[in-house]
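Asker: Residues in the sequence shown are numbered consecutively from 525, following this note's numbering.
The set of hints was computed from the structure by calculation and includes no laboratory data.
Computed beta-carbon distance windows for the label pairs: (1) Q527 to P662: 36 to 46 Å; (2) Q560 to D644: 22 to 32 Å; (3) H565 to Y656: 14 to 24 Å; (4) L620 to V526: 43 to 53 Å; (5) V528 to D562: 12 to 22 Å; (6) D615 to V526: 37 to 47 Å; (7) D632 to A676: 15 to 25 Å; (8) S558 to V533: 17 to 27 Å.
The beta-carbon is built from N, C-alpha and C at its ideal position, and this holds for glycine as well.
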Amino acid sequence: RVQVFYSAVATFCMPSDQSGVGGMCREIIRAMLSWQGDPPHYDCVYVAKGGMETEGFCSLMVGRVHLFFSCVHVRHNYSCALVDWFMPVADEPDRLTGMWIMAPEVDDSGHCVQCVISLDSVVHGAHFIGVYGGDFIPVDLRFSDSLDAFKAYYVNKYIDHHANMLVF
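Using the sequences and the hints, build the whole thing.
Answerer: And the structure:
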């Protein structure tokens with residue numbers, strides 16, 4: 525039996541931020557086709573790489589969630605997400621901004637590489653800013669199209685304290 529969900533709650537501990545009980549924080553990560561007639565909303569997430577001994581951004585992968593689902597196999601419930609992967613365009617952050625630049629990972633036919641991951645590997649929500657260079661952003665660009673409108677994106681480590689602590 526498979527069940528589909530349109531959001532997930534990430535709960536994590538940030539001892540340096542005492543705004544929650546004992547440093548506990550939560551955020552909602554969404555993967556929605558539509559909400560009350562509005563356009564789709566697909567959030568990005570940081571995903572822990574398994575078995576890595578490194579810290580910071582090098583210990584993470586970044587994906588865009590398209591679907592949350594759970595399934596039962598041999599009486600065990602598996603909570604999963606279907607994600608499109610983004611890959612760093614360089615081995616270090618951009619010198620001007622201090623942010624990593626990512627681009628969608630595509631296969632030989634130009635399609636985004638997708639993967640099913642365990643929700644246990646999701647660390648935190650991620651925020652992207654399009655790399656638009658010297659061109660103007662179209663006036664009619666909707667927020668729901670922003671993750672498809674650019675060829676590369678800055679991973680915004682300045683969006684909040686938690687992201688800054690993760691992506692150093």
